[in-house]
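With the sequences and hints as input, model every part of the structure.
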Amino acid sequence: MKFDLTEQGIRDLNRFLHSPHSKESVIEVENPSGSHNVAVGALQHSQVMVNGHVGYYCAAMNQHAEITVNGNAGPGLAENMMSGMVHVRGNASQYCGATAHGGLLVVEGNASSRCGISLKGMDIIVGGSIGHMSAFMAQTGRLVVCGDAAESMGDSIYEARIYVRGKVASLGTDCIEKPIEKEHLEELKELLDRAQFNHSATEFKRYGSARRLYNFDVDNARLY
Amino acid sequence: MCGIVGLYTKKPELQSSLGSLLSAMLAQMADRGPDSAGVAIYRDPVDEESIKVTLQGDQETDWLVIEKKITEGLDATAKISLIASHAVVSLSVDGDTATEWIDRNLDTIRMTSNGRFIEIFKEKGHPNKVIDSFSLQNMAGTHALGHTRMATESRVTTEHSHPFSTGMDLCLVHNGSLSNHNQLREKLSAEGIRFQTDNDSEVAAGYLTWRLKQGASLKEALEAALVDLDGFYTFAIGTKNGFAVLRDPIACKPAVLAETDDWVAMSSEYRSIAQLPGNKKAKVWEPNPATIYSWERES
Numbered sequence: 001m002k003f004d005l006t007e008q009g010i011r012d013l014n015r016f017l018h019s020p021h022s023k024e025s026v027i028e029v030e031n032p033s034g035s036h037n038v039a040v041g042a043l044q045h046s047q048v049m050v051n052g053h054v055g056y057y058c059a060a061m062n063q064h065a066e067i068t069v070n071g072n073a074g075p076g077l078a079e080n081m082m083s084g085m086v087h088v089r090g091n092a093s094q095y096c097g098a099t100a101h102g103g104l105l106v107v108e109g110n111a112s113s114r115c116g117i118s119l120k121g122m123d124i125i126v127g128g129s130i131g132h133m134s135a136f137m138a139q140t141g142r143l144v145v146c147g148d149a150a151e152s153m154g155d156s157i158y159e160a161r162i163y164v165r166g167k168v169a170s171l172g173t174d175c176i177e178k179p180i181e182k183e184h185l186e187e188l189k190e191l192l193d194r195a196q197f198n199h200s201a202t203e204f205k206r207y208g209s210a211r212r213l214y215n216f217d218v219d220n221a222r223l224y
Numbered sequence: 001m002c003g004i005v006g007l008y009t010k011k012p013e014l015q016s017s018l019g020s021l022l023s024a025m026l027a028q029m030a031d032r033g034p035d036s037a038g039v040a041i042y043r044d045p046v047d048e049e050s051i052k053v054t055l056q057g058d059q060e061t062d063w064l065v066i067e068k069k070i071t072e073g074l075d076a077t078a079k080i081s082l083i084a085s086h087a088v089v090s091l092s093v094d095g096d097t098a099t100e101w102i103d104r105n106l107d108t109i110r111m112t113s114n115g116r117f118i119e120i121f122k123e124k125g126h127p128n129k130v131i132d133s134f135s136l137q138n139m140a141g142t143h144a145l146g147h148t149r150m151a152t153e154s155r156v157t158t159e160h161s162h163p164f165s166t167g168m169d170l171c172l173v174h175n176g177s178l179s180n181h182n183q184l185r186e187k188l189s190a191e192g193i194r195f196q197t198d199n200d201s202e203v204a205a206g207y208l209t210w211r212l213k214q215g216a217s218l219k220e221a222l223e224a225a226l227v228d229l230d231g232f233y234t235f236a237i238g239t240k241n242g243f244a245v246l247r248d249p250i251a252c253k254p255a256v257l258a259e260t261d262d263w264v265a266m267s268s269e270y271r272s273i274a275q276l277p278g279n280k281k282a283k284v285w286e287p288n289p290a291t292i293y294s295w296e297r298e299s
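Respectively, the protein sequence lines represent chains Z and L.
Residues 1 to 224, numbered by this note's numbering, are exactly what the first sequence covers, in order.
Residues 1 to 299, numbered by this note's numbering, are exactly what the second sequence covers, in order.
Any given hint could turn out to be false.
Straight-line distance between alpha carbons at most 30 Å, and here's what the computed BS3-like set of lysine-lysine pairs gives [as the list claims (entries may be wrong)]:
| no. | chain 1 | residue 1 | chain 2 | residue 2 |
| --- | --- | --- | --- | --- |
| 1 | Z | K2 | L | K283 |
| 2 | Z | K167 | Z | K205 |
| 3 | L | K11 | L | K240 |
| 4 | L | K10 | L | K129 |
| 5 | Z | K167 | Z | K182 |
| 6 | Z | K167 | L | K187 |
| 7 | L | K283 | L | K219 |
| 8 | L | K187 | L | K11 |
| 9 | L | K281 | Z | K2 |
| 10 | Z | K167 | L | K283 |
| 11 | L | K79 | L | K69 |
| 12 | Z | K205 | Z | K23 |
| 13 | L | K219 | L | K187 |
| 14 | L | K240 | L | K187 |
| 15 | Z | K2 | L | K280 |
No wet-lab data here; the hints were simulated from the structure.
Because the structure is a prediction, the values reported are computed rather than measured.
Dropping the structure here:
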């Protein structure tokens with residue numbers, strides 16, 4: 001099945017992805033040319049191959065589908081994804097994976113600022129580096145970064161887990177480095193395997209919440 | 001929201017299609033900024049002892065009267081070419097004399113640009129309409145910037161449209177909003193910088209004009225802007241032989257850069273770059289926050 005976006009509209013593509021179709025379907029999308037909302041709200045277990053660069057909100061709200069972008073993605077990639085998988089062969093712009101609840105997002109290149117902001121359960125694996133304010137207020141889910149992280153990573157983080165292989169420019173408020181135990185090495189190895197990245201889990205450091213910010217502290221009772 | 005685009009040709013063969021390529025890029029940004037549009041195009045330089053200014057009038061403007069006023073007032077030869085509501089006037093006098101005289105004596109006319117290379121055309125209305133009214137598609141040149149505006153901070157008028165001139169052969173287009181523009185405008189006005197509107201982007205342009213007048217290089221002026229301008233911005237700045245791009249440290253306003261052996265392009269979105277020949281083989285990247293990117297040809 002092929003959708004050439006120079007001839008067919010985004011709505012035609014998305015309407016098809018929302019409608020019942022077989023699990024074995026492979027949908028190829030040609031000439032996206034930076035269009036917005038490519039493959040948004042897919043509801044089936046099909047495979048979608050997007051050949052070219054996409055604009056805003058590609059693969060947002062995805063459920064079940066396996067979406068590959070052979071190119072770069074604009075802002076809001078896989079925003080609020082529920083399940084399934086999104087794989088970008090190039091780079092992703094700001095706030096990829098924002099508020100996403102489930103599934104797996106793999107970015108082979110770099111992801112820019114606010115990657116995984118307010119993450120709610122999805123796993124994100126970035127082959128390159130991530131921009132500033134990534135994983136801001138991330139609640140649950142995992143963010144794996146094979147390169148470096150820019151400023152204020154994990155600011156006001158809740159219970160999401162972050163693994164970074166390279167340098168972290170600075171940590172945000174209440175985000176700290178944490179010891180890596182056996183369970184972390186195991187989950188990290190499993191995530192790297194799923195993304196088919198060859199790094200050893202032992203090369204990574206783990207970061208998470210110091211839990212000083214969001215918990216009620218009895219010492220502060222008189223302030224309320 | 002606004003859209004900004006820039007295109008810089010590396011090979012002379014591409015210069016004749018600069019206007020049509022920029023038009024295609026700008027049209028893609030129309031829904032980011034449907035209320036007005038403008039372009040700065042660098043072309044047809046006048047000789048070193050002369051200057052050209054772009055003047056913007058209205059339907060009642062009698063350009064023959066204006067031409068006569070200018071030639072008599074400045075005691076200079078003037079070559080005037082009309083392009084829709086604008087006129088490009090080449091004058092055989094030095095830049096400061098010409099701009100000061102025009103500022104003082106032509107009160108119904110606005111000067112949108114001055115320099116040896118630059119011409120600025122801008123108008124309110126849908127970008128496609130603005131592109132057609134100036135026949136931008138037919139313009140040749142070395143490089144150009146464009147802007148589509150969705151007003152957030154001030155009124156929709158031609159004067160509030162971008163690009164804003166920031167001095168001889170310099171201009172600025174802006175996507176974003178500045179929060180300390182009123183305070184800065186007062187400060188810059190006291191330093192002798194003149195403003196035509198209450199627009200925040202014009203203050204950014206005025207700020208660069210002020211820094212450059214003080215002797216700063218463009219790079220130094222932009223570094224100082226990172227400290228003194230408070231707000232959100234992606235700027236593209238046109239210079240006589242190239243252009244520069246700067247995003248604020250928070251970098252929530254989008255920008256994409258792309259380069260091939262034939263051209264360098266910037267846009268708010270990749271959609272514009274997808275209009276350019278050879279885009280599939282271009283190196284495409286997102287500029288980092290608080291980092292100055294610039295391209296210049298040897299003059």
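Straight-line Cα separation of L:K11 and L:K240 no greater than 30 Å?
Holds. L:K11 to L:K240 sits at ~16 Å (cutoff 30 Å).
Just to be careful, I want the Cα atoms of L:K283 and L:K219 compared with a cutoff of 30 Å; is the pair within it?
24 Å, holds
Check whether the Cα positions of Z:K167 and L:K187 lie no farther apart than 30 Å.
Cα-Cα ~41 Å, so violated.
Mind checking the alpha carbons of Z:K167 and Z:K205 for me, to see if they're no more than 30 Å apart?
Measuring from Cα to Cα gives roughly 10 Å; hence the hint holds.
Quickly compare the C-alpha distance for L:K10 and L:K129 to 30 Å and report which way the hint goes.
29 Å, holds
Quickly compare the C-alpha distance for L:K240 and L:K187 to 30 Å and report which way the hint goes.
28 Å, holds
Does the alpha-carbon distance linking L:K79 and L:K69 stay inside the 30 Å limit?
This hinted pair holds, its Cα atoms lying about 13 Å apart.
Proposed proximity, L:K283 with Z:K167 (alpha carbon, max 30 Å):
It holds: about 25 Å lies between the C-alpha atoms, which stays within 30 Å.
Hey, Z:K167 versus Z:K182, does the alpha-carbon distance stay inside 30 Å?
Status holds; Cα separation ~22 Å.
Check whether the Cα positions of L:K219 and L:K187 lie no farther apart than 30 Å.
22 Å, holds
Within 30 Å, alpha carbon to alpha carbon, are Z:K205 and Z:K23?
38 Å, violated
Can the restraint linking Z:K2 and L:K283 be considered satisfied, given a maximum Cα separation of 30 Å?
At roughly 27 Å apart (the allowed maximum being 30 Å), L:K283 and Z:K2 satisfy the hint.
Checked against the numbered hints given earlier, this structure breaks hints 6, 8, 12; the rest are met.
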